[in-house]
Amino acid sequence: TQLLEQSPQFLSIQEGENLTVYCNSSSVFSSLQWYRQEPGEGPVLLVTVVTGGEVKKLKRLTFQFGDARKDSSLHITAAQPGDTGLYLCAGEGSGGSNYKLTFGKGTLLTVNP
Amino acid sequence: ETGVTQTPRHLVMGMTNKKSLKCEQHLGHNAMYWYKQSAKKPLELMFVYSLEERVENNSVPSRFSPECPNSSHLFLHLHTLQPEDSALYLCASSRGRLNEQFFGPGTRLTVL
Numbered sequence: 006t007q008l009l010e011q012s013p014q015f016l017s018i019q020e021g022e023n024l025t026v027y028c029n030s031s032s033v034f035s036s037l038q039w040y041r042q043e044p045g046e047g048p049v050l051l052v053t054v055v056t057g058g059e060v061k062k063l064k065r066l067t068f069q070f071g072d073a074r075k076d077s078s079l080h081i082t083a084a085q086p087g088d089t090g091l092y093l094c095a096g097e098g099s100g101g102s103n104y105k106l107t108f109g110k111g112t113l114l115t116v117n118p
Numbered sequence: 291e292t293g294v295t296q297t298p299r300h301l302v303m304g305m306t307n308k309k310s311l312k313c314e315q316h317l318g319h320n321a322m323y324w325y326k327q328s329a330k331k332p333l334e335l336m337f338v339y340s341l342e343e344r345v346e347n348n349s350v351p352s353r354f355s356p357e358c359p360n361s362s363h364l365f366l367h368l369h370t371l372q373p374e375d376s377a378l379y380l381c382a383s384s385r386g387r388l389n390e391q392f393f394g395p396g397t398r399l400t401v402l
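If you read the protein sequences in the order shown, they are chains A and B. Position one of the first sequence corresponds to residue 6 (my numbering), numbered consecutively onward. Position one of the second sequence corresponds to residue 291 (my numbering), numbered consecutively onward.
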């Protein structure tokens, strides 16, 4: 069974601070996706990383896929209240079902003004 | 039209009721999914339909019954549910190799 561990589980910071959240596994994933979910809504895809060592930037968000494709990180620079939400990582396995994503439990981020 | 819609947004039902959740996608995707989201647990994949055929059934109890009449619509029929089935039920669709999921807003289900 593939598992994705996300840390920290909860994070509360002030506007303007930087933060990093992590997504770790002992399994190899062919790709990894990051989602943000706001209260009362479904998750929204932020980015997909595919290649080991890949770095992708989305405005103030920087995503990195580990060289071994077992882990990923999300770094937010100068966080804003609009960044508040549940950040989920999801991995697509390198074998087995073509449709199954493994999700982590998420990091609940609160950015205080 | 928004990408993936779900109705109803909220549902309260007794253990003896029968109800259905509806999902519709307007994105031209060829796969649709039902997920269950409970507090303190990862998103749990329940069912996957690809081109209207069920390709995944993740050991879901028979009191949940999916239906996919066409590539744009997905239903989840509910009967004799238990209080522990209370959760947010999310529908998603995808297209392409990376299976990037486009989620609906979810149905918040409470079983009394």
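It should be emphasised that the hints constitute simulated quantities derived from the structure, not laboratory data. This structure is a prediction, so every number in the text was calculated from the model and none was measured. It cannot be assumed that every hint is accurate.
Restricting the straight-line Cα-Cα distance to at most 25 Å, the calculated cross-link-like pairs of lysine-lysine (DSS-like) are [what the hints assert, rightly or not]:
hint, chain 1, residue 1, chain 2, residue 2
1, B, K312, A, K105
2, B, K330, A, K110
3, A, K75, A, K110
Please verify whether K75/A and K110/A have alpha carbons no more than 25 Å apart. holds (16 Å)
Does the alpha-carbon distance linking K330/B and K110/A stay inside the 25 Å limit? holds (7 Å)
Restraint status (C-alpha distance of K312/B to K105/A at most 25 Å): holds (21 Å)
Going through the hint list in order, the structure satisfies each hint without exception.
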